[in-house]
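Peer 1: Two chains, two frames, some hints: make the complex.
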Amino acid sequence: MPREIAVVAFAQTDHRRRSDELSEVEMLMPVLHEVLAGTGLRTGDIGFTCSGSSDYLAGRAFSFTMALDGVGAWPPISESHVETDGAWALYEAWVKLLTGEADTALVYAYGKTSPGEIRDVMTRQLDPYYVAPLWPDSVSLAALQAQALIDTGHTDEPALAAVASRSRTAARTNPHAQLRGAVPAGDYLVQPLRKGDCPPIGDGAAAVILAAGDTARELCERPAWIRGMDHRIEAHSLGVRDLTDSPSARLAAERAGVFERPVDTAELHAPFTSQEVVLRRALRLGGDVNVNPSGGALAANPVMAAGLVRIGEAAARIHRGASDRALAHATSGPCLQQNLVAVLEGES
Amino acid sequence: MSKEPVAVVGIGQTKHVAARRDLSIAGLVREAARRALDDAQLDWADIDAVVIGKAPDFFEGVMMPELYLADALGAVGKPMLRIHTAGSVGGSTALVAASLIAARVHGTVLTLAFEKQSESNAMWGLSLPVPFQQPLLAGAGGFFAPHIRAYMRRSGAPDTVGSVVAYKDRRNALKNPYAHLHEHGITLEKVQASPMLWDPVRYSETCPSSDGACAMVLTGRDGAARAPHPPAWVHGGAMRSEPTLFAGKDFVSPRAGKDCAADVYRQAGITDPRREIDAVEMYVPFSWYEPMWLENLGFTAEGEGWKLTESGATELDGDLPVNPSGGVLSTNPIGASGMIRFAEAALQVRGQAGEHQVDGARRALGHAYGGGAQFFAMWLVGSQPPPG
Chain Y
1 MPREIAVVAF
11 AQTDHRRRSD
21 ELSEVEMLMP
31 VLHEVLAGTG
41 LRTGDIGFTC
51 SGSSDYLAGR
61 AFSFTMALDG
71 VGAWPPISES
81 HVETDGAWAL
91 YEAWVKLLTG
101 EADTALVYAY
111 GKTSPGEIRD
121 VMTRQLDPYY
131 VAPLWPDSVS
141 LAALQAQALI
151 DTGHTDEPAL
161 AAVASRSRTA
171 ARTNPHAQLR
181 GAVPAGDYLV
191 QPLRKGDCPP
201 IGDGAAAVIL
211 AAGDTARELC
221 ERPAWIRGMD
231 HRIEAHSLGV
241 RDLTDSPSAR
251 LAAERAGVFE
261 RPVDTAELHA
271 PFTSQEVVLR
281 RALRLGGDVN
291 VNPSGGALAA
301 NPVMAAGLVR
311 IGEAAARIHR
321 GASDRALAHA
331 TSGPCLQQNL
341 VAVLEGES
Chain S
349 MSKEPVAVVG
359 IGQTKHVAAR
369 RDLSIAGLVR
379 EAARRALDDA
389 QLDWADIDAV
399 VIGKAPDFFE
409 GVMMPELYLA
419 DALGAVGKPM
429 LRIHTAGSVG
439 GSTALVAASL
449 IAARVHGTVL
459 TLAFEKQSES
469 NAMWGLSLPV
479 PFQQPLLAGA
489 GGFFAPHIRA
499 YMRRSGAPDT
509 VGSVVAYKDR
519 RNALKNPYAH
529 LHEHGITLEK
539 VQASPMLWDP
549 VRYSETCPSS
559 DGACAMVLTG
569 RDGAARAPHP
579 PAWVHGGAMR
589 SEPTLFAGKD
599 FVSPRAGKDC
609 AADVYRQAGI
619 TDPRREIDAV
629 EMYVPFSWYE
639 PMWLENLGFT
649 AEGEGWKLTE
659 SGATELDGDL
669 PVNPSGGVLS
679 TNPIGASGMI
689 RFAEAALQVR
699 GQAGEHQVDG
709 ARRALGHAYG
719 GGAQFFAMWL
729 VGSQPPPG
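These protein sequence lines map, in sequence, to chains Y and S. Quick note on the numbering used here: the first sequence kicks off at 1 and runs consecutively. Quick note on the numbering used here: the second sequence kicks off at 349 and runs consecutively.
The set of hints was computed from the structure by calculation and includes no laboratory data. Small disclaimer: the values here were computed from a predicted structure and weren't measured. Please note that a few of the clues may not be correct.
Said to hold, decoys possible - Covered by chain Y, per the in silico footprint, the following chain S stretches (three or more residues, Cβ under 8 Å): (1) 421 to 427; (2) 600 to 608; (3) 623 to 630.
Claimed, not checked - Label-pair distances were calculated between CB atoms; the ranges are: (4) 43/Y - 622/S: 27 to 35 Å; (5) 543/S - 147/Y: 28 to 36 Å; (6) 218/Y - 574/S: 37 to 45 Å; (7) 409/S - 43/Y: 50 to 58 Å; (8) 598/S - 217/Y: 34 to 42 Å.
All residues carry an ideal CB built from backbone N, CA and C; glycine is no exception.
So here's chain S without its partners, still in its complex pose (with noise of 0.2 Å):
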């Protein structure tokens, strides 16, 4: 029996900002899940399932938040599923709730991610106490920051490449209303010239700590028939993971992240990611892992991700936009930042995000990864419906 098509038919966003002050975290989801819902012209009533995301409980305080939710998601009722798979879990959320539509358990489902990291201090809250991991790595900075020297070391790039990237993501956030950050007077002077916080990483090429939330309803072919706008349909998604440490991972570009990206392309028939997706939102929360992950995912050979970044090719009018809507590096509440993604990509592909519009997408790529580089989840959208 064949899968049936997912298409996505409602997206919604909070305003990110680093405290929703004026919200519960209750209403921080609802607030996402009613424009999702308006999106599709849909009701509570409407949806059959949900399934929520977001990264350690740790992060409000609340264990198992999904079950205070249940009320303010409309899920009274219902089924509703909580996936935690790291940093990737905005993503994996997504594909879990696809996975209903496919295998034909439900015909709409509310899939949502959120974090408010307002409520604590999510640097130190991902720095785990002795035993579990060396004293003073701070953050995941600490974690990632040696492994982009290993990749500067590897290929070559020139010290400035960080700077072009997180120049452009802040600059594309200027286009979208929903971004965290939007630093009007931004320069690649001022980038380049702010502190050091775990070398090479500096502080403008960091992502910020917001407060925020993403929902998406998901449905089939017919719900996606009477659905008021156009959908964006799902022609791969797949998730991998590896262990976080073993003599011999490759830090760099680890292959949890190839297999899965060659899992999605294989899916979705494309031979040549370069030439055939038209827009990237991958989650680049320090701005080297935009070259690295040009490279992991496919889209330039090996050691060569750098200069396709300097070339400017990843910028909103180049050939191969990556972050569109300014990234990670420019929002980051951390459990939904997957979601954005993969809600990001399907916005293009809708031809609905506005002034961060990539002209003519017709397929994108959303991009999540999570743990020490370990946990991969993606997704293809495209404009029209897959074949079969």
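So here's chain Y without its partners, still in its complex pose (with noise of 0.2 Å):
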């Protein structure tokens, strides 16, 4: 029997379109306090320490290494680093609890987008030999995927609004969410996606904290258990893909356990209205699963963050009673090339 492994707090900023005035420090600190707050826990309290963050949003190399100055990681921590999506540095934290090396973890994300132009920097993630040179952006590719799922029949435009503006309804109850209520459907970006159905840019962080077994009960009145998790990844090169299907998404709900039991709620990671419509179908979620009750990644896009929200916001649910058993899910990559699947649970 693997060790009993939950989230016991998450906190996250209002996701802003810019944050000028703050270095990724000062936008981290006040998270960092408060998910440790919600616990009683002080830094040196906690057994493992793991980020994920990217050089290329902060546009320098080592940016994290100053996000630690934040963390207050003085006498020194055990301590690690993912340069992705904070979801990947929960997975790493939870290995490492699961080891039984540490009862406690401490995960954090952050991404600030507004510097740099988002779609321009992505690009810098394909093939660097084949993709690259031709600066396909991130919504150019995301279009190409709704295209596809729009010539398969599983989708079209008025479908991808309504998942547009469901999420934005819903994102009314979020106080953090930088896009709250439904937005106009706008012109297309790049056909055909709309503006609505895009992300919105912007900027913040997020912070969770996980513990094991009885001190997990300690922490939190609810626990949120990881009941399962496991990540999975597809080929880089999009024309060896079906962009209408996620068999990384499929293979990693499986491993974590999701088709054993309904799940009431799940968060997924989709930064495009399409790729909810994608997700939905691999991971067999029905009418009856309430999807993004937070707004999703359409409702608050913080690039490297965005994933760790998602089971944040469903750990979140499960604290409160709102939830008994949720699916998270975090996406890297382009066009959903890497997918991360958590089954979390509270007990009755």
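Peer 2: The structure is reproduced here in structure tokens:
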């Protein structure tokens, strides 16, 4: 029987279009204080710390080293960092707790997309020899995927607009969301995706605390137990993938135990409306599942933190008794190349 | 529930050079990975997950290159995790891979670290633009030279100790076919006559800029039983971090390094590292860091590290050989350098280090550090499985 590990606290910034007046550390620190305060723990009590961020957003090498100042890593701490979404930092921390080497973990992630042109920046993620020189931007690639979905009859533009509308309406009750309430579909950004089908561009940070066994029960009234977690990657070249499907998300879900029993809630990291369609099919989510009650990445998309926010939002619903079994999903890479799925449960 | 013991059953490196113009980034990592698989007599299908590390993405100009490398590393349909902890990343990456085995999440994991520094200029890549850093602070050498000066002043070490280290490591590299620098005519006088780069660090006392990759196959007890060659067993591993700058920080002997070593020794049951450890692969990018780390890692008392170096104890035939591979001073693909230290330590206890083998090495330490001497990763490997 593997060790029981739970999400016991979650905090996030109010995600905003710009945060020029704040450094990354200044943006992050209140979130770290809030998540620690939620448990009464101090930095020195934490067994392992892991973060997720990207130098390409910061525009300089080793950007994460400054963020460590916000943690207060003195005396020295057991710590690691992933150069990707913080959901994978949470995965690394979960594995660390599974080994028994630590009983608690602090996981955080942050991203400031406002300083650069995010559509251009994300092109640097592509095959550097054959694709990146063409600068195909993230919206254009998502539009290819959306068009493939429409061509195969899995969706149409009104259905995509409905995803956008439902997400932003749900975000009305999320004080941290950047877009709250329905927004107009707008013009095509890249056909068939309209402005409303795309995520807002913004800055933000998030933090989660994990704890094992009885420690989790002491720190949280209703811990969100991680019943399973897995992540899988697909080929990078879009030409060899079926963009209308997400076999990596499905396999990760299978390994995480999603299909053993129905979930009541799913927080999907789908920055584009069309990607929610792909994920719903791959993860076999029926109409009875409450998808993205937070508004999802369509309401706030702090790059490198948005996946961790999904896990945090799902856990927070379990904490407050609004969900008993939730799926949390995070993605990385162009057109959902890499996917992580976690199953969280509350005890009745 | 006890942890699964972790064994290193496959090791592969590229020939490290200034520029591998014959290979793409994918070709570079695949060369190391294929060699590690061959060493373990395994194939891509035997691998459950890939854990990959490298230093800043700006070195190659590719954001999160692991996405593009998924195909080349046989990771399609598998978990692929990317680590980045500055210069210590090669070590941290191996430790994350080891924890996947220890926690029994996976049975066999491929871990790999690389840097293809010829794609950019690493020295200027490491020189942060104003206002993040004071002007005229060029490269890592500019950052570390004042701390070396502080060590010399504090310990009273004679000026020549740095050149002794460089002369040793460059000669050791001649016995390592994968090392970048093979300086056949090297003499102590040549090292001491080389140009001053960042006082007191001379040209021949600094690491090169390399293209290279290093890979390891890690597995548990069952996998080790099937391995064709003797495995190296992980007896302890740890990471420690502290902030870059703060009042009271000891740059000469950072507490994070001491704490990390103490944790590893505790796990491995080491009480007298000088006597119980047979070989050390430590991260020495500038020659003076050998005596500094000898103290930080508890091999000597504070202020005594340079005496150990000067006595010849750290030579390949000394009683505490340090960097028998030639170390970072002879090969430095930054993101891979930590993993090369970990892998070379494993080669020593497997008895597979070839010409730079330390006779009878049973326990070896692999060490990596990064950032402003603030990130540390270490493991201790042995020829026998850990007790229990």
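Peer 1: Does the hinted range 27 to 35 Å hold for residue 43/Y and residue 622/S at CB?
Peer 2: This hint holds: roughly 34 Å between Cβ atoms.
Peer 1: State, for the Cβ atoms of residue 218/Y and residue 574/S, whether the hinted interval 37 to 45 Å holds or is violated.
Peer 2: Holds - the Cβ-Cβ distance for residue 218/Y and residue 574/S, about 43 Å, lies within 37 to 45 Å.
Peer 1: Go ahead and decide if the range 34 to 42 Å is satisfied by the Cβ distance of residue 598/S to residue 217/Y.
Peer 2: 40 Å, holds
Peer 1: Verify the CB-CB distance for residue 409/S and residue 43/Y against the hinted window 50 to 58 Å.
Peer 2: 35 Å, violated
Peer 1: Can you let me know if the beta-carbon spacing of residue 543/S and residue 147/Y is within 28 to 36 Å?
Peer 2: 60 Å, violated
Peer 1: For the stretch 421 to 427 of chain S, do three or more residues have a beta carbon lying closer than 8 Å to a beta carbon of chain Y?
Peer 2: holds (count 5)
Peer 1: Are 3 or more residues of the stretch 600 to 608 of chain S near chain Y, judged by a Cβ distance of less than 8 Å?
Peer 2: holds (count 5)
Peer 1: Using C-beta distances, would you say chain Y covers the stretch 623 to 630 of chain S, given that this needs three or more residues below 8 Å?
Peer 2: violated (count 0)
In summary, the structure is inconsistent with hints 3, 5 and 7 from the numbered list given earlier, while agreeing with the others.
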